[in-house]
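2 protein chains.
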Amino acid sequence: MAAAELTAHQLIAQHRPTLDQALEAIRTRAYWSPHPEHPKAYGENGSLGMAEGKAAFDALLGTRLDLGQPGTDDWVGGEASPYGIELGITYPHADIDVLLPAMRAGQRAWRDAGAETRAVVCLEILKRISARTHEFAHAVMHTSGQAFMMAFQAGGPHAQDRALEAVAYAYVEQVRTPDTAEWTKPQGKREPVALNKQFTPVPRGIALLVGCNTFPTWNGYPGLFASLATGNAVLVKPHPRAVLPLALTVQVARQVLAEAGFDPNLVALAAERPSEGIAKTLAMRPEIRIIDYTGSTAFGDWLENNARQAQVFTEKAGVNTVIVESTDDYKGMLSNLAFSLSLYSGQMCTTPQNLLIPRDGIRTEEGPKSYDEVVADLAKSVGGLLGDDARANALLGAIVNPDVKARLEAASGLGEVALASREIHNPEFPDAVVRTPVIVKLDGAKPDAEAAYMSECFGPVSFAVAVDSAAHAVELLRRTISEKGAMTVGAYTTSEEVDQSVREACLEECAQLSLNLTGGVYVNQTAAFSDFHGSGGNPAANSALCDGAFVANRFRVVEVRREA
Amino acid sequence: MAAAELTAHQLIAQHRPTLDQALEAIRTRAYWSPHPEHPKAYGENGSLGMAEGKAAFDALLGTRLDLGQPGTDDWVGGEASPYGIELGITYPHADIDVLLPAMRAGQRAWRDAGAETRAVVCLEILKRISARTHEFAHAVMHTSGQAFMMAFQAGGPHAQDRALEAVAYAYVEQVRTPDTAEWTKPQGKREPVALNKQFTPVPRGIALLVGCNTFPTWNGYPGLFASLATGNAVLVKPHPRAVLPLALTVQVARQVLAEAGFDPNLVALAAERPSEGIAKTLAMRPEIRIIDYTGSTAFGDWLENNARQAQVFTEKAGVNTVIVESTDDYKGMLSNLAFSLSLYSGQMCTTPQNLLIPRDGIRTEEGPKSYDEVVADLAKSVGGLLGDDARANALLGAIVNPDVKARLEAASGLGEVALASREIHNPEFPDAVVRTPVIVKLDGAKPDAEAAYMSECFGPVSFAVAVDSAAHAVELLRRTISEKGAMTVGAYTTSEEVDQSVREACLEECAQLSLNLTGGVYVNQTAAFSDFHGSGGNPAANSALCDGAFVANRFRVVEVRREA
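Note that the protein sequences, when read in sequence, are chains A and B. Using UniProt numbering, count along the first sequence one by one with no gaps and you end on 564. Using UniProt numbering, count along the second sequence one by one with no gaps and you end on 564.
For the record, the hints were derived by calculation from the structure and aren't laboratory data. Check each hint, because a few of them may be wrong.
The list makes no distinction among identical chains, and a pair is therefore deemed to hold if it is satisfied within one copy or across any two copies.
Unchecked claim - Heads up, simulated BS3-like pairs for lysine-lysine below, C-alpha to C-alpha not over 25 angstroms straight-line:
{"no.": "1", "residue 1": "Lys40", "residue 2": "Lys185"}
{"no.": "2", "residue 1": "Lys189", "residue 2": "Lys40"}
{"no.": "3", "residue 1": "Lys280", "residue 2": "Lys369"}
{"no.": "4", "residue 1": "Lys54", "residue 2": "Lys185"}
{"no.": "5", "residue 1": "Lys189", "residue 2": "Lys331"}
{"no.": "6", "residue 1": "Lys54", "residue 2": "Lys380"}
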């Protein structure tokens, strides 16, 4: 291999301050991000501006994205944007019997580079991705159906934050054990015994990232970067509808690895033919020792039960609950909830589904509100938020796939419709399927309603569930978390007693709780370096972004000791 | 509950300095231990001296050990010492439908106590155990068959060290996330958004410790204390042949918990009737969310594959290899190996089994030695070490159970016997089964020999395997680790090339390596706070003692956030 264009020394000098800030942020969990959220912050210092990003994306359409991978036996593609355009991009299809061995070839050098060099190489990859944030924004928008601004932020800086957070956790976990130790044990009057010890973090093998349709970068980056930073090669198997964002990521990673003198095959893409379903095949390969997955409960459970040779990290489905018991800011509550239900057409794993509201109504600073009033006011609030088509398009994005559309259409048959879904025309992308959320009333005391609200109905569907009391709501919350899992829980209450019992339910059932959000923070959003995404302790996910458990078992430490 | 006799404040004042030293030790991995190794160090400051410890043990014989547990439906026992005496002690047999719910009752208070209080309560338990080290030594001796000095050290201070190490890892893992954070995100010209966040480490549920016969405390304490320190209740299911050491541990833990104002049922014992096999039943209970196990590969694999509701930490069986390629201290090598093969009759999971020796002989500072000479000299060295019956008894201890004896007896049929096993009379315990190790010669090039050396033959059996070359030895080492697993690897070489290739094999196959040990440290010994026991990366064990991965997933962190 040619001499590295980027030396470890240069990379450390450039990125170590950022790494140190990230380490401090995960320790204090105060606000921090090195990745600007505003689109106008880009366009200088080598980053693509708005027009350049769009042009770069347009230039990709209809092309073959050749990553220079070994074992490429075909070119596959077929992504159709939820906004109605064909991407027409093809990607390498791998002969995995060629690709997997090639991915192992560079692992020794990557291992020997050590934790700090791996971390700064990862940071260089993120810097290059950050510079192309505008291009990635279009890639995420046209695969996930997110509206541009959300695709830009969640698919760009927020995803990069989650990646950097994972690199920080991975780094600190590896350096908890020193590289060397001198061990001298006293022996009373005899000479002490003394050993020299060397400790080396070693990778598990090849990691597999199974990407998702809705948040290909945000949900994909933590596992990808945690595995790479801990010395593993990473094979990226994107969702067939959302290949481009991860393919570009792989492209950048390969470029940086090569420039830094490492084997680019440490990161590779495994795109698939329609209905090929290669995730199962890959997941069962003995070379695959780590799997990160975001998606359906069924396949997540399958991976956990079958890929026993691997450490399996899953984010599956849950049923998210918001308890509405009382508030001293009724309008703030309604507008906060309306936004949470509308953002990306409710296609977030963190979107509330079940709104538990006492059938006798709630207390507010405006006086008591009946169950019907609360539901009607919430419907009005959603309607107002999405009344203007331009704003609706900017908030809702597009329905990601026909399954979500079908679920939305079926939802109105589940109960009394409090707010009907409405079609929105997108003037820029007339073929985009844009829909406002539906709110359906259900009676929590009726067993036949339970089938609806106790199942995940992914998409812009929420249930206003009438409950007997706050205690009934908390009991239903507990049961929902323990049986179905939850990525998020919300509650509105001014009662210290209810506040306490909801908190206790979340502590015991292990779910992340947002209380009385009425301003510009929403239950479905989490910030890297501060908020945990998922708890890893209920059926919705077996891991959390990000913590020690997410990284600690991606590598092992081998000790070599000899007499001093 | 009555007011606590021990306040958290008192316990912190007393134990925090020790915790801080442990935290520093796991960071530097230099030598440290707060638990004296010498029997004469005990007997003052409230600890039992030699005679008192013996008397305390004798007083237990033939009694009922009533732990005051709820749901006790019977009294069971039947331990027979490998030294030939009946212990005659009975223990509570639990109705688990009563005991498990009772164990959950105290979890909330234990969770709310926080990481530091849990850590110092654990340290108080260890202090009380340490004070009874002489009593525990007899309990370990008469269940494991270890000789007294080994039972004293490995079952006492070394086990206590491993426990404290686990508490230190558990503590530091929990406090990586602060209790609270103030998060303020700038919003350009608008007011920043601000959240108050609370983070609480929450337990997974009830942890199950499945104890082993040979090292009930040393192998049992890390999981027990890691689970307890992270907020979980712990149910201890001892090996039916080694109940007493863990029953006493449970007794002490319950006393300390009660005195500190916590529910003693946070730690409980589940003894079983002969052949009842309750480990399987317990392991599948939904309340059990963590399992620690040391024992056979078959049951370890069963737990990993079936107890899917739990985090399962296993130490199973491996095949440990020592490569003998060359040395500049021939006598030191022989005596070091002889000791490793003899200690506790080879009944350690870390005892070398396969000695790989080139058929063309090895280089030494005394000149070349043929394969036959090396094997004969090693046999002589073992013979010399164990030539004196008193010393042999002190080193070998007793054969722990009839299975080991049967394997030892069968081993001489596997090949040419280089050193025959010898019966040793133990004058103090005439019924003890005491045997010296057997060394059997095998040809590593012959496929029919492979069945022997590629299987674990637990007990005082080792194979002197003739190999074609150093390269052949390394290839066999790699294959043994990857197919059978290894708790330890040793190598003797003066060649930088061989040194390098053995190290690379251990880094790639993930096994802990000791090089050229000729003095008073042995390949089968690891020291807490410094050495890793197992790697967690090969089939012998899925975890290592102790590291972040051993503790990080025993709890989860629940976040509660609200607007500031």
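Hint check results:
1. Taking the shortest Cα distances, Lys40 and Lys185 sit within 25 angstroms of each other only across copies (18 angstroms), while inside one copy they are farther apart (61 angstroms).
2. Within a single copy, Lys189 and Lys40 get their C-alpha atoms only as close as 72 angstroms, which misses the 25 angstroms cut-off; across copies the closest is 15 angstroms, which meets it.
3. Taking identical chains as interchangeable, the C-alpha atoms of Lys280 and Lys369 are never at most 25 angstroms apart, the minima being 51 angstroms within one chain and 54 angstroms between chains.
4. Proximity of Lys54 to Lys185 under the C-alpha cut-off of 25 angstroms is found in neither arrangement, the shortest distances being 65 angstroms within a copy and 29 angstroms between copies.
5. For a Cα distance limit of 25 angstroms, the shortest separation of Lys189 from Lys331 across copies, 24 angstroms, qualifies, whereas the shortest one inside one copy, 78 angstroms, does not.
6. For the identical chains of this complex, Lys54 and Lys380 are neighbours neither inside a copy (36 angstroms) nor across copies (80 angstroms), given an alpha-carbon limit of 25 angstroms.
Checked against the numbered hints given earlier, this structure breaks hints 3, 4, 6; the rest are met.
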